[in-house]
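Student: Take a look at the letters that make up each chain.
There are 2 protein chains.
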Amino acid sequence: MLKLKRVPIDTQREYVAFLSRDCAVYRAEGFKALAKIEVMADGKHVLATLNVVENGLIVGPDELGLSLQAFASMGLPEGAEVSIRQASPPESLEAVRAKIRGQTLEPQDYKAIIEDVAAHRYSQMELAAFLVSLAGFMTTGEVLALTRAMAGTGTRLSWPDPVVVDKHCVGGLPGNRTSMIVVPIVAAHGLPIPKSSSRAITSPSGTADTMEVLANVDIPLPRLREIVGAERGCLVWGGHMNLAPADDVLISVERPLNVDTPEQMVASILAKKAAAGSTHLLIDIPVGPTAKVRNQTEAIRLRKLFEFVGGAMGMQMVVIMSDGSQPIGHGIGPALEARDVMQVLRRDPAAPQDLREKSLELAGLLIDFDPKVKGGQGYAIAREILDSGRALTAMERIIAAQGPSHVPSALGKFTEEIPAPRAGTVSSIDCYRIARIARLAGAPMDKGSGLDLFKRVGDRVEAGETLYRIHAANKADFAFATALARENNGFGLD
Amino acid sequence: MLKLKRVPIDTQREYVAFLSRDCAVYRAEGFKALAKIEVMADGKHVLATLNVVENGLIVGPDELGLSLQAFASMGLPEGAEVSIRQASPPESLEAVRAKIRGQTLEPQDYKAIIEDVAAHRYSQMELAAFLVSLAGFMTTGEVLALTRAMAGTGTRLSWPDPVVVDKHCVGGLPGNRTSMIVVPIVAAHGLPIPKSSSRAITSPSGTADTMEVLANVDIPLPRLREIVGAERGCLVWGGHMNLAPADDVLISVERPLNVDTPEQMVASILAKKAAAGSTHLLIDIPVGPTAKVRNQTEAIRLRKLFEFVGGAMGMQMVVIMSDGSQPIGHGIGPALEARDVMQVLRRDPAAPQDLREKSLELAGLLIDFDPKVKGGQGYAIAREILDSGRALTAMERIIAAQGPSHVPSALGKFTEEIPAPRAGTVSSIDCYRIARIARLAGAPMDKGSGLDLFKRVGDRVEAGETLYRIHAANKADFAFATALARENNGFGLD
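Those protein sequences? They're chains A and B, same order as listed. Numbering of the first sequence is given in this note's numbering, commencing with residue 5 and proceeding in unit increments. Numbering of the second sequence is given in this note's numbering, commencing with residue 5 and proceeding in unit increments.
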């Protein structure tokens, strides 16, 4: 038996175990060649990748160390007695190998794989192998099987209402914070819209990051149910809700690899929405040369896949393709986007009209899901709710229900205005580059960092006129962001 | 600037850096999302995956820790001042993504990828993504480009002789230690055969492991040249020779994933042989239901790929398919195999005849490469060399030249005889299972552990008669191996 020790290393989703090379009980060498070991005590067990350590600094010869997340998952105090053994690789890897050889897998194969993924039985390299094998080809039936399997792990929410609506944007457009306007409009209309969002992973802000500027977004499930019961809507972070947790594990490899196929995107989004208990779902696919979906052909293929899989999962689907040629709104980054959102809700004349228009369209389509609404009246209802101030009231009630924000959100004090190098008409804005500059400036970590856009496609600019302002909270980040903007500011001029 | 610290964690081929969450200079959080950082000082730099640590135990707030291998690669003392920055992912990953999307890559793409792989710029998940994308499909032109790229990194040996022969077995047959008989025969004939081998990764013994029982196998390159000059042959470990080092990095992911396509096998083997300066190469493909290559169709496809790529690389290729239906020789494990080899060389009546026969065939084919030998005379020459004792003398000279063995090799003192459960005729021996039992018994780490086979396919056995004996040096390993053998001993009886 070895004594358990907490090793304060954050290894994210990959559990790591540490064994001394001089380990008295087991010969560390015998375990070395095998990637994974099983740590057991009292009927509890975790799988972890073994790292061998050289001296007593990290673990002594009679100790077994676990990285932070693995230690937490084990749930035992330091010093508890544990035993270890070589872990057999998960059996479902055989199905992954069959997929690598080009076979079509059965639903039970996906179920077995996804259960092992959710239980952290796959190493990062095994996850990568699975993802890339799927990128080779998947039948639509396989996409459905994968989605069902992912929705079947973790929490499954259900709601008392027959119609529970949600919206999702496939992403790639900076500043596209329509959810924070759509949710109060739809909630004010009376349809339940329990919106949970992710934080940004590769973008300058996710809906949860921006909402966090205005309110607490980390809400326990029982309280969430109360809020949705009373207010019909919420805008919370989904991270602790354990919806389709296998998806989060897969994303942890998909993102650094930057492998994002339509099939994986559809399975990932629909699994989360099905687990969240949505019955009616609106998917927004922005299409543009620098957005995630680059042309109509890709967008139509994606739309059909969403419709097939979502329909087979029992959801009513509306999938729209929208203008993805440039960012939406003025602000890029949590605090600047929150400012835009509140300007729209307050009917401030300075509010970005593109954000208002797009939000009204989406809210209208969601309200059209209401059986009591006459076909095609959704947009007019949405506009009436926004213009009457009822959407603002609904947002204020949601903010009050979720509780106050806990994060500082003053705009970054280091600022730089990026000028047009010559006179002309703005012909394009590179969404990808704009997002990268905003991230380097510190978004979403520093809520007040990001970009404030002064010009849109079609605007006339004079030489030296400001295209956008960079805000940063940190001097080093500021230098990185301004350097990148000076190298290429992302704006095309005719 | 941060102070460099050596963190005594063995992270094998993946370099890991450790930064305190409270790091005074950089904000650890800003680096967290990105997998890789670049650590720089004095023009030196390494790429490493960042782990964030919680308190001062592993690194203090002004320190940057590197795992053992990364620290060694950095080559600076502890306390040296280093700076860090977010590392851009290797540009060649774009080509990997193109391959994932199903494109055919150009030779310059493979060159760029393999250079990044050899320089440790790929994470394990990126390596897995590359390997699996190749498994989707590769044209024969791509296999050639990959082989050329791999042979082009690292050391390239050249020899003064116009004909430099080598042999390689694609593996999967326990006990198949023909090289240690073939090399002294061919060397005695006078053809240069500088044989470098790997240690076992998933098998109970590699040629280097078995030769190490008889002689030192870790020979510096200048001495190796002297030995080959004087003796015409050697049997050394290739691990320090830096031949096609990208191959070793790829194997470190290929093995745990157990993804082994014909294309990767051909590229891996031929890159190593081309880098080692071979001009004439014999490839042995054992075919059998539990060997690596399972049927004739697979074997023929593999043979053609070897012939095409090897030929295009400028090597004379002979590719044979051999009987892979059961282990070769009696012993499985380094010391037991070395005993078999020496029995054959000494013409001991107890010597395994199958090992002798197969070795003579292979040696004959290699001697047939000699322009001075009349076509088809190789086998007879090989047999004459073996039977006259000249092969034994050649082996003794090679052993003397390489120097004495440094490892203990007494047979494991824990033994168990595995009996036939009933009378019958041995109809099959499961190579995979036999290898697994031998590994559990401690081979190749404990030289004296492994199996000693008493029966072959076709042999008649009585109930209770011994099929094989397990040897183990360690009590726990012994228990694992005997338990596995009792569950299923790997022998089929008619």
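Simulated from the structure, these hints should not be mistaken for lab results. Here the structure is a predicted model, which is why all the values come from computation and not from measurement. Warning: the hint list may mix true and false statements.
As the list makes no split between identical chains, a pair holds if one copy fits it or if it spans any two.
Unchecked claim - Lysine to any residue pairs mimicking SDA-like chemistry, simulated, CA-CA at most 20 angstroms apart:
{"id": "1", "residue 1": "Lys9", "residue 2": "Asn59"}
{"id": "2", "residue 1": "Lys459", "residue 2": "Val430"}
{"id": "3", "residue 1": "Lys479", "residue 2": "Asp66"}
{"id": "4", "residue 1": "Lys378", "residue 2": "Pro166"}
Student: Next step is simple, just say for each hint if it's right about the structure.
Tutor: Verification of the hints:
1. Lys9 to Asn59: Both ways: Lys9 and Asn59 sit 15 angstroms apart in one copy and 14 angstroms across, limit 20 angstroms.
2. Lys459 to Val430: within (8 angstroms within a copy, 83 angstroms between copies)
3. Lys479 to Asp66: Close across copies (19 angstroms), not inside one copy (46 angstroms); limit 20 angstroms.
4. Lys378 to Pro166: within (18 angstroms within a copy, 88 angstroms between copies)
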